[in-house]
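*Asks:* Since the structure of chain A is provided, determine the placement of chain B on it from the hints.
2 protein chains.
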Amino acid sequence: MNRPPVLLRTLTDLRANTASWHSEGLTVGMIPTMGALHDGHLALVEEARRRVDRVVATIFVNPTQFGPKEDFTAYPRTENSDVAKLATLGVEAVFAPNAAEMYPPGHATTISLAGPALGLETDYRPHFFAGVATVVAKLLLGGFPDIAMFGEKDYQQLLVVRQMVKDLRLPTEIVALPTVREADGLALSSRNAYLSPDERRTAPKLAAALEATAAAIRSGGDVAHHLRQGFNALEAAGFRPDYLELRNAETLAQPAAVADQPLRLLAAAWLGRTRLIDNIAV
Amino acid sequence: MNRPPVLLRTLTDLRANTASWHSEGLTVGMIPTMGALHDGHLALVEEARRRVDRVVATIFVNPTQFGPKEDFTAYPRTENSDVAKLATLGVEAVFAPNAAEMYPPGHATTISLAGPALGLETDYRPHFFAGVATVVAKLLLGGFPDIAMFGEKDYQQLLVVRQMVKDLRLPTEIVALPTVREADGLALSSRNAYLSPDERRTAPKLAAALEATAAAIRSGGDVAHHLRQGFNALEAAGFRPDYLELRNAETLAQPAAVADQPLRLLAAAWLGRTRLIDNIAV
Chain A
-12 MNRPPVLLRT LTDLRANTAS WHSEGLTVGM IPTMGALHDG HLALVEEARR RVDRVVATIF
48 VNPTQFGPKE DFTAYPRTEN SDVAKLATLG VEAVFAPNAA EMYPPGHATT ISLAGPALGL
108 ETDYRPHFFA GVATVVAKLL LGGFPDIAMF GEKDYQQLLV VRQMVKDLRL PTEIVALPTV
168 READGLALSS RNAYLSPDER RTAPKLAAAL EATAAAIRSG GDVAHHLRQG FNALEAAGFR
228 PDYLELRNAE TLAQPAAVAD QPLRLLAAAW LGRTRLIDNI AV
Chain B
-12 MNRPPVLLRT LTDLRANTAS WHSEGLTVGM IPTMGALHDG HLALVEEARR RVDRVVATIF
48 VNPTQFGPKE DFTAYPRTEN SDVAKLATLG VEAVFAPNAA EMYPPGHATT ISLAGPALGL
108 ETDYRPHFFA GVATVVAKLL LGGFPDIAMF GEKDYQQLLV VRQMVKDLRL PTEIVALPTV
168 READGLALSS RNAYLSPDER RTAPKLAAAL EATAAAIRSG GDVAHHLRQG FNALEAAGFR
228 PDYLELRNAE TLAQPAAVAD QPLRLLAAAW LGRTRLIDNI AV
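Which chain is which? The protein sequence lines are A and B, in order. Residue 60 in the working numbering sits at position 73 of the first sequence, and the numbers go up by one each step. Residue 36 in the working numbering sits at position 49 of the second sequence, and the numbers go up by one each step.
Next up, chain A with everything else stripped away, as it sits in the complex:
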């Protein structure tokens, strides 16, 4: 039986907790989340548990990364069951602030990125990465963890966070883990809870289309043709795709040629009123 995690509500308490651990010579890992925890999040917690002495998970549905017509209000909020799951994994602290703690009146600072933040998600969610970069910076600066864990499911977000940490020399190592999937291939996401039973049956076809397109690209031939085929397959399956794109896996730049570079295939597609994203290595 693990001790329940201490529940922190303020950045001041977050910093005091981690500073106290650091003063004892203990290493600290942070898992930033928006709650509604699934096994993808828990894999991040377990890996942090293996790597550091003290683990703090953060739960904050960050308003600044949602557009005005997006699902901020509908986003699932399940703090009690989230904390129970984190307790089971022996997490020492949960930082769950409210919006006024993170953005008090007069808050005026935004961190935005070019580079990996350009294109893909940005074409459809123009304010998303400024919201993410700002809140992640505030969390990392709030606790100065030695490591922070992110999933590859949000691949562009991962690269944006890595670039920000590098540019600002934040003293935290960003650790990424592969996407956790259901048995049928669907990438775990808190937004999967929005899917109707019918949509849930269709949803794995996003991962399947990525796999088929990646296999076709690997086998050679015209990349643009393969991407068009994949896009058409998504439409035929009932998705409304925002994009299906092949990018350099480290910079997200458009690859001039397919040879000699790590590549990533990334997609975003609507299924009814739910927007799913996924990506795989090529």
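Check the hints yourself; a few may be wrong.
In this list, chains with the same sequence are indistinguishable; a pair is considered to hold if it fits within one copy or across any two.
In silico SDA-like cross-links for lysine to any residue, where the CA-CA straight-line distance does not exceed 25 Å [stated by the list, open to error]:
{"id": "1", "residue 1": "K153", "residue 2": "F115"}
{"id": "2", "residue 1": "K72", "residue 2": "Q216"}
{"id": "3", "residue 1": "K140", "residue 2": "G93"}
{"id": "4", "residue 1": "K56", "residue 2": "E186"}
Because the hints were derived from the structure by calculation, they are not lab data. All values reported here derive from a predicted model rather than from experimental measurement.
*Replies:* For chain B alone, coordinates are given in the frame of chain A:
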């Protein structure tokens, strides 16, 4: 005779130096500058000298805070004499990176502010405060000084830096000192070096107009009228004013009423090809 300061060229060396001081329990103060040091800068160094155990001055003409038509190329660069002045004051370290160290290829992160960064300078130098906030954050995160010194001469910049440090909870106290002036009232500025002898004789009339306008506002009556008179006085003296404005001294918001709040009078005006700024408490 003081030991000459150690000259640091990389953020890695800056952090190693300050971390080593902190590990010995010593406090660290930083004075961020663009070089071309004058007595205003040196007053900041001397005050830091009194407050902390180790002082690091930074010298970096930050390209991102200059607009395309501004004086980045012409800005005075006098590193050797700057370092000699800092040596005289017993500064332990000078951080003088080149642009590639601060903005390596692929650098993608910008920190921008609303709040105190809106209006005044922003109306004429739209990218200025994003450049300032980003470079100051990089310097503070590069060295994690306990205090950092700024002059009130760049009053809006001071408030922008304070707001950013507050919003991001950077673990550095911002310490401000009053503007240092020539005997005739002209605020010290590295850009005063641009003035012709004729312009130099006119330049103190900027501070004089601020003083006269502040006195008029204090004596009562219509603020807008007093501001118009001050603006006209600047034009009559040969300036081309960008603005002369009365603002709340803490937020830079437009004051709805003059009573019951700290106020600041701020001005920017061109004299020939030189843009001067100044401000005073009301």
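*Asks:* Go through the copies and call it for K72 and Q216: within, between, both or neither, with a Cα cutoff of 25 Å.
*Replies:* Close neither inside one copy (41 Å) nor across copies (68 Å); limit 25 Å.
*Asks:* Check K56 against E186 for me: Cα-Cα at most 25 Å, and say if that holds within a copy, between copies, both or neither.
*Replies:* within (21 Å within a copy, 55 Å between copies)
*Asks:* Could you place K153 and F115 in one of the four classes (within, between, both, neither) given a Cα distance threshold of 25 Å?
*Replies:* both (20 Å within a copy, 23 Å between copies)
*Asks:* How do K140 and G93 come out at 25 Å by Cα distance, when the copy is not named: within, between, both, or neither?
*Replies:* The answer is between: 23 Å across copies meets 25 Å, while 34 Å in one copy does not.
Consistency with the previously given hints fails for number 2 only.
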